[in-house]
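Asker: Single-letter residue listing:
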Amino acid sequence: MRAPLVIAGLLVAASVPALAASSEADFKTAYAAAEAAEKQAGNLRNQWLTTEAALTDAKKAADAGNFDQAIASAKEAEALAKASIFQATSEKERWKDMEIR
Amino acid sequence: MKARFAILLATAALALCALASVAPRALAADTPDPVAEAKLFRDYFTNKFPKVKLEDFVNGPYSMNEDMHKQWLEKEEFPPYQFALDAGKEMFEKPFKNGKTYADCFPDGGIGIRQNYPYFDEKEGKVVTLELALNRCREANGEAPYSYVKDDMASLTAYMAFTSRGKPFDIKIPNDPRALEAYQDGKRYFYTRRGQLNFSCAGCHVQSPGERLRAEVLAPALGILNAMPIYRSEWSGMGTISRRLTTCNSQTRAVPLAPQSDEYRNLEYYLSYLSNGLPISGPGARP
Amino acid sequence: MASTIRVRAISSGDITEVQALVQHPMDSGFVKDAQGALIPAHFIQQLTFEYGGKTVFLADWGPAVSKDPYVKFSFKGAKKGDDLKISWVDNKGATDATTAKIQ
Chain L
0 MRAPLVIAGL LVAASVPALA ASSEADFKTA YAAAEAAEKQ AGNLRNQWLT
50 TEAALTDAKK AADAGNFDQA IASAKEAEAL AKASIFQATS EKERWKDMEI
100 R
Chain W
0 MKARFAILLA TAALALCALA SVAPRALAAD TPDPVAEAKL FRDYFTNKFP
50 KVKLEDFVNG PYSMNEDMHK QWLEKEEFPP YQFALDAGKE MFEKPFKNGK
100 TYADCFPDGG IGIRQNYPYF DEKEGKVVTL ELALNRCREA NGEAPYSYVK
150 DDMASLTAYM AFTSRGKPFD IKIPNDPRAL EAYQDGKRYF YTRRGQLNFS
200 CAGCHVQSPG ERLRAEVLAP ALGILNAMPI YRSEWSGMGT ISRRLTTCNS
250 QTRAVPLAPQ SDEYRNLEYY LSYLSNGLPI SGPGARP
Chain C
0 MASTIRVRAI SSGDITEVQA LVQHPMDSGF VKDAQGALIP AHFIQQLTFE
50 YGGKTVFLAD WGPAVSKDPY VKFSFKGAKK GDDLKISWVD NKGATDATTA
100 KIQ
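Protein chains in written order, with numbering that gives the first Met the number 0: chain L, 0 to 100; chain W, 0 to 286; chain C, 0 to 102.
Honestly, I wouldn't trust all of these hints.
[Stated by the list, open to error] Straight-line C-alpha distance at most 30 Å; calculated DSSO-like pairs for lysine-lysine:
(1) K74(W) - K96(W)
(2) K91(L) - K88(W)
(3) K84(C) - K88(W)
(4) K47(W) - K38(L)
(5) K125(W) - K95(L)
(6) K74(W) - K84(C)
(7) K74(W) - K71(C)
(8) K74(W) - K95(L)
(9) K66(C) - K88(W)
(10) K91(C) - K149(W)
(11) K66(C) - K149(W)
(12) K47(W) - K91(L)
(13) K100(C) - K69(W)
(14) K75(C) - K69(W)
(15) K84(C) - K59(L)
(16) K78(C) - K53(C)
(17) K74(W) - K75(C)
(18) K95(L) - K52(W)
(19) K53(C) - K71(C)
(20) K91(L) - K59(L)
(21) K74(W) - K100(C)
(22) K79(C) - K74(W)
(23) K31(C) - K66(C)
(24) K38(L) - K149(W)
(25) K88(W) - K75(C)
[Unchecked claim] Here are a few chain C residues that face chain W, going by a calculated C-beta distance under 8 Å:
(26) R5
(27) D13
(28) I14
(29) Q18
(30) Q22
(31) F29
(32) S65
(33) K75
(34) K79
Simulated from the structure, these hints should not be mistaken for lab results.
Quick reminder that beta carbons are idealized off the backbone N, C-alpha and C, glycines included.
Chain L on its own, in the form it takes in the complex (with noise of 0.2 Å):
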């Protein structure tokens, strides 16, 4: 009866680890992914404000080990990076209907 319960607390013990390992493997993905959406905004030269301190918020918990934290920002990054790309290409021929006419 001991011996699964042992075994079973043995493979909990070392996938903890691995689970560790694979977030921070995620955050570099999501941060890649976001860091990529920002820099094609700034090539449409509409970057946000909010989505660099999302990306320093990344960035910050990262190097405080705090990978859920460190994703979560990374996939906000991108999001507003995303958004920031939509409004540039949705607003680039919407301003005529605003011009003095």
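Given chain L, put chains W and C in place with the hints provided.
Answerer: Just chains W and C now, with coordinates in the frame of chain L:
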């Protein structure tokens, strides 16, 4: 079969008609007519504020609000920009290390010329603003350029604006397609929404002048650059056009572009041209 | 060194209106710089206007007064051409003074 074909033809004809009615409108927005647009721009504001004299639009919020106007009159008796103005005169007259002065870089010795800036430089194919010209003068004479957003440039442009006080803006668009493009790009920038708050310059300064944005009364876009540079109480100090444009960007949560980026130069060109005829009132003071 | 005090005193009848602009950082001591360090308090503590040997206006200031303070007040009993003396002392012990002619 014939009926179906007829319907197809009819819808095609309808579609073509719709396209024809839409196309000229789109074309009109693509080929700018600065002279006509300037008049429309001016009329828009004079109609919106019939009690404000044309030349008073240069006082921004102070012409939009009676209480603020009284405060402004008091401020003008003993303006807060005095220190920057005096410093600017000293800086302007002081020779560079090589013995030359700013007067050597500018027509008329740099006195009373502010109303001609920005201008379209046909050799370079770009808009040149006063701030840019001043730093180019410095660099051409072996001096380090000033930051576009700090006190030195503000003091210098304050003095140059002061020597042009009362002179009407006289911005020229030469017969060069690139100049027209720069004007159009400035216009595009002015009307495009940006930043997470999704504001355009026009949203505040065309749609809402005289109204409040938090505690501030918004200035009309007509004459908005005439008072620059300004002593802004919010900054407890002087600010250049570059400083205002970059901070406006960050206030909409947009990452500001580098000062004197093409977009900003074109924007300044566009706005200044539309204010042709209105007097330079700089340096100015604002809340 | 140029004076930090700009003053204009205009007499009209019995009343003299004085305006003064004083160049001073007036740091409250509560503001942080870009690096996050506190900018030390540096402000005018006393601003004095004297006429005919008497103090006609005295300001006791603290950190709540903003940079480059502006003062405006009126007083009676002065004549055109007379002197008005203005002086200030700040929390670091620095001083400046100037004398202006009443116009």
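Asker: If a hint holds in the structure, say so; if it does not, say that too.
Answerer: Each hint, compared with the structure:
no., hint, in the structure
1, K74(W) - K96(W), "violated, 37 Å"
2, K91(L) - K88(W), "violated, 43 Å"
3, K84(C) - K88(W), "holds, 27 Å"
4, K47(W) - K38(L), "violated, 42 Å"
5, K125(W) - K95(L), "holds, 23 Å"
6, K74(W) - K84(C), "holds, 23 Å"
7, K74(W) - K71(C), "holds, 11 Å"
8, K74(W) - K95(L), "violated, 39 Å"
9, K66(C) - K88(W), "holds, 22 Å"
10, K91(C) - K149(W), "holds, 27 Å"
11, K66(C) - K149(W), "holds, 16 Å"
12, K47(W) - K91(L), "holds, 28 Å"
13, K100(C) - K69(W), "holds, 28 Å"
14, K75(C) - K69(W), "holds, 25 Å"
15, K84(C) - K59(L), "violated, 57 Å"
16, K78(C) - K53(C), "holds, 14 Å"
17, K74(W) - K75(C), "holds, 23 Å"
18, K95(L) - K52(W), "holds, 29 Å"
19, K53(C) - K71(C), "holds, 18 Å"
20, K91(L) - K59(L), "violated, 34 Å"
21, K74(W) - K100(C), "holds, 22 Å"
22, K79(C) - K74(W), "holds, 24 Å"
23, K31(C) - K66(C), "holds, 15 Å"
24, K38(L) - K149(W), "holds, 28 Å"
25, K88(W) - K75(C), "violated, 36 Å"
26, R5, "holds, 6 Å"
27, D13, "violated, 21 Å"
28, I14, "violated, 16 Å"
29, Q18, "holds, 4 Å"
30, Q22, "holds, 5 Å"
31, F29, "violated, 14 Å"
32, S65, "holds, 6 Å"
33, K75, "violated, 21 Å"
34, K79, "violated, 19 Å"
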